[in-house]
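Chemist: One-letter residues, chain by chain:
Protein chains: 2
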Amino acid sequence: MAVKHVTLFTEEPLYLVFGGQLQNLEVAYQTYGKLNQARDNIVLICHALTGDAEPYFDKASGQEGWWQHFMGDDLALDTTKYFFICSNVLGGCKGTTGPASINPDTAQPYGSLFPKITVQDIVKVQKALLDNLGIHHLRAVIGGSFGGMQATQWAIDHPDFVDNVINLCSSLSLSAEAIGFNHVMRQAIINDPNFAGGDYYDGQPPHQGLSIARMLGMLTYRTDIQLAKAFGRVTKSEGQFWGDYFQVESYLSYQGKKFLTRFDANSYLHLIRALDLYEPSLGYADTKSALARIKANYTLVSVINDQLFKQTDLRKSKLLLEQSGVSLTYYEFASDYGHDAFLVDYAIFEKPIIEGLARKAKNH
Amino acid sequence: MAVKHVTLFTEEPLYLVFGGQLQNLEVAYQTYGKLNQARDNIVLICHALTGDAEPYFDKASGQEGWWQHFMGDDLALDTTKYFFICSNVLGGCKGTTGPASINPDTAQPYGSLFPKITVQDIVKVQKALLDNLGIHHLRAVIGGSFGGMQATQWAIDHPDFVDNVINLCSSLSLSAEAIGFNHVMRQAIINDPNFAGGDYYDGQPPHQGLSIARMLGMLTYRTDIQLAKAFGRVTKSEGQFWGDYFQVESYLSYQGKKFLTRFDANSYLHLIRALDLYEPSLGYADTKSALARIKANYTLVSVINDQLFKQTDLRKSKLLLEQSGVSLTYYEFASDYGHDAFLVDYAIFEKPIIEGLARKAKNH
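Residue numbers (the numbering used here), protein chains in the order written: chain A, 151 to 514; chain B, 151 to 514.
No lab work stands behind these hints, which were simulated from the structure alone. Be aware that one or more of the hints could be misleading.
Repeated chains share a single entry, so a pair holds when one copy, or any two copies, can fit it.
Subject to a maximum C-alpha distance of 20 Å in a straight line, what follows is the list of computed PhoX-like cross-link-like pairs (lysine-lysine) [to be verified]:
(1) K231 - K244
(2) K466 - K379
(3) K407 - K501
(4) K266 - K386
(5) K468 - K407
(6) K501 - K468
(7) K468 - K438
(8) K244 - K379
(9) K407 - K244
(10) K154 - K244
(11) K231 - K445
(12) K386 - K244
(13) K266 - K407
(14) K438 - K408
(15) K266 - K209
(16) K408 - K184
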């Protein structure tokens with residue numbers, strides 16, 4: 151089941167929110183399960199920051215997708231029941247056009263010339279993909295973290311297209327603190343001497359900066375409790391004093407290095423900036439008028455000990471959605487995994503996902 | 151009131167816990183208030199990671215020390231009542247011998263040759279300073295964060311020397327998560343091309359790495375609540391897309407830059423590693439036997455929303471101290487300032503400090 155590719159915006163370019171345009175956009179996507187006759191079992195999966203179009207692999211393949219333990223027969227994302235579509239986001243580096251793609255104007259990778267992107271642009275590309283596939287209605291849009299923002303925007307921009315929205319571990323906009331963490335990561339990348347202003351594709355990529363960013367990211371995705379349980383203060387048998395001396399350092403270094411094999415620094419920069427910039431109000435009078443457009447049933451799941459999207463912010467989002475008249479089902483759970491819970495802690499998400507997918511359309 | 155300097159370990163070198171030795175150690179210190187006739191009003195102040203020997207300046211000077219708002223007439227650190235001593239820590243860069251000091255063997259800055267230091271070594275130097283000043287007993291040792299670890303070690307290593315220990319916002323050892331943050335900071339510094347293995351004193355210092363470390367540090371010292379109140383999602387009027395676009399980014403960048411003017415990267419590396427490594431048990435059978443040596447009254451103040459020294463860890467420390475038979479007074483407060491509260495939120499620390507300094511010796 152290789153990822154499928156389609157070229158979109160072949161006639162008219164995609165005009166981006168911050169200016170700039172992209173034509174002949176490549177989009178990588180994957181589908182799972184079977185479209186039913188009524189065509190009312192289609193679910194769009196929106197991946198998080200560093201995800202891709204393949205949340206799931208056939209067990210026979212030996213590979214695992216990022217939602218491998220949430221998807222499959224009799225799991226919450228039930229492949230016997232629903233027809234799932236997942237595409238790599240605009241600006242990504244997993245098959246959809248992004249900064250590492252070839253710029254037709256220069257026949258070189260876009261690099262520093264890649265235009266600024268927003269969640270709104272990402273959703274436009276997803277919509278064009280569905281149009282291309284002849285899909286005119288969605289049972290649900292589901293996503294965690296950055297994917298939750300995309301799901302929210304879907305329901306705002308296309309209120310009659312979506313019956314249900316499921317947003318896991320994501321608020322309606324990023325906190326100052328989380329922007330701060332992204333700022334530190336960004337500075338680590340752009341100040342890496344190999345970054346070369348973003349045009350590093352013919353040389354060494356900014357690996358030091360990107361691995362520092364990833365290590366910091368990991369710390370915000372997990373919790374002190376989980377790291378204490380997994381590593382505590384245990385030292386390595388032959389640790390290096392300034393390097394991996396404690397086990398937790400070794401774990402972070404490993405995560406930082408592993409990330410380099412699968413992600414592009416420019417994509418990372420563009421996507422974390424899109425995360426910072428996300429505001430549902432963009433293009434509407436204000437946040438409440440944007441949210442008031444939502445006709446879908448909205449499921450919001452908050453993890454109390456999430457250190458990136460904090461409970462305070464999820465509760466603010468809950469209140470805003472309620473005040474805007476959105477039909478909301480709100481859940482709060484504790485998980486030692488913190489923000490990463492939506493990728494690893496299936497037990498707490500099973501019920502909210504099953505219920506969130508099954509709800510009948512409110513307005514159709 | 152310029153900082154005073156004294157040279158210690160002139161005859162016998164200081165033998166360090168991790169091996170290595172240092173001779174003719176320079177120590178910068180400052181005193182405040184008047185020693186009373188009974189010589190029972192002496193309080194040692196231990197500074198935190200990036201502090202110095204001057205917590206306080208005379209108002210007429212126009213300068214402010216790092217505990218300016220906690221010290222003075224009628225403040226908790228009452229200069230009319232107590233005689234305070236504060237010295238810059240071993241390994242620091244504010245007058246006490248550290249990696250930027252001249253190595254007598256090479257007539258060059260120590261740089262990469264500076265030996266590994268621990269909190270236990272830092273306390274030995276402070277003890278040598280007090281011996282030199284003819285001080286044989288302390289009313290109290292007080293410190294926040296890294297300073298709280300020093301205060302704890304004082305009471306363990308010199309149980310009859312100290313009547314009271316006041317530890318603000320610090321646990322008995324650092325969590326895996328906090329070690330993780332220090333790891334990210336360390337990697338940012340040592341991978342800065344200017345770091346040159348620590349021997350950068352004749353060239354450009356690793357400013358990019360050090361400012362990244364400081365920005366990350368600031369995020370762990372404050373809280374999401376405080377940053378949301380101070381900056382929210384407000385953007386700059388002329389922000390740079392990859393640089394300071396949001397106000398919170400501008401604030402962090404400013405903090406990162408400001409730090410470069412006052413701190414040495416090698417000192418920072420040595421002190422955060424000493425923070426990681428701190429274990430009261432070092433040199434004793436185990437943590438409880440180390441803690442059981444404490445005769446001082448022990449005041450421990452926890453800030454519930456501290457994001458670096460988390461409540462869980464402070465409560466573990468509380469339990470360990472109690473189980474080891476230490477006479478403990480424990481306080482818990484909420485503060486939007488999180489870990490930084492012990493530097494800025496005077497209101498919540500006033501009572502614990504006043505009471506903690508006033509308590510009568512338990513065993514003398």
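Chemist: Compare the structure with each hint and give your call.
Modeler: Here is how each hint holds up against the structure:
1. Taking CA atoms no more than 20 Å apart as the test, K231 paired with K244 passes in neither setting, with 27 Å inside one copy and 67 Å between copies.
2. Proximity of K466 and K379 under a CA criterion of 20 Å is satisfied inter-copy only: 14 Å between copies versus 31 Å inside one chain copy.
3. When the C-alpha separation of K407 and K501 is checked against a cutoff of 20 Å, the pair qualifies neither within a copy, at 35 Å, nor between copies, at 48 Å.
4. In this homomeric assembly, K266 and K386 come within 20 Å of each other (Cα to Cα) only across copies, at 17 Å, whereas the closest approach inside a single copy is 43 Å.
5. Taking CA atoms no more than 20 Å apart as the test, K468 paired with K407 passes in neither setting, with 37 Å inside one copy and 38 Å between copies.
6. Proximity of K501 and K468 under a CA criterion of 20 Å is satisfied intra-copy only: 19 Å inside one chain copy versus 38 Å between copies.
7. In this homomeric assembly, K468 and K438 come within 20 Å of each other (Cα to Cα) only inside a single copy, at 12 Å, whereas the closest approach across copies is 46 Å.
8. Taking identical chains as interchangeable, the C-alpha atoms of K244 and K379 are never at most 20 Å apart, the minima being 33 Å within one chain and 38 Å between chains.
9. For the homomeric pair K407 and K244, the shortest alpha-carbon distance inside one copy (18 Å) is at most 20 Å, but the shortest distance between copies (36 Å) is not.
10. Taking identical chains as interchangeable, the C-alpha atoms of K154 and K244 lie at most 20 Å apart only when both belong to the same chain, with a minimum of 11 Å there against 61 Å between chains.
11. Taking CA atoms no more than 20 Å apart as the test, K231 paired with K445 passes in neither setting, with 23 Å inside one copy and 68 Å between copies.
12. Taking identical chains as interchangeable, the C-alpha atoms of K386 and K244 are never at most 20 Å apart, the minima being 35 Å within one chain and 33 Å between chains.
13. Taking identical chains as interchangeable, the C-alpha atoms of K266 and K407 are never at most 20 Å apart, the minima being 27 Å within one chain and 27 Å between chains.
14. When the C-alpha separation of K438 and K408 is checked against a cutoff of 20 Å, the pair qualifies neither within a copy, at 41 Å, nor between copies, at 40 Å.
15. When the C-alpha separation of K266 and K209 is checked against a cutoff of 20 Å, the pair qualifies neither within a copy, at 38 Å, nor between copies, at 50 Å.
16. With identical chains, the CA atoms of K408 and K184 are never at most 20 Å apart, being 34 Å at best within one copy and 59 Å at best between copies.
Going down the numbered hints, you'll see the structure goes against 1, 3, 5, 8, 11, 12, 13, 14, 15 and 16, while the others check out.
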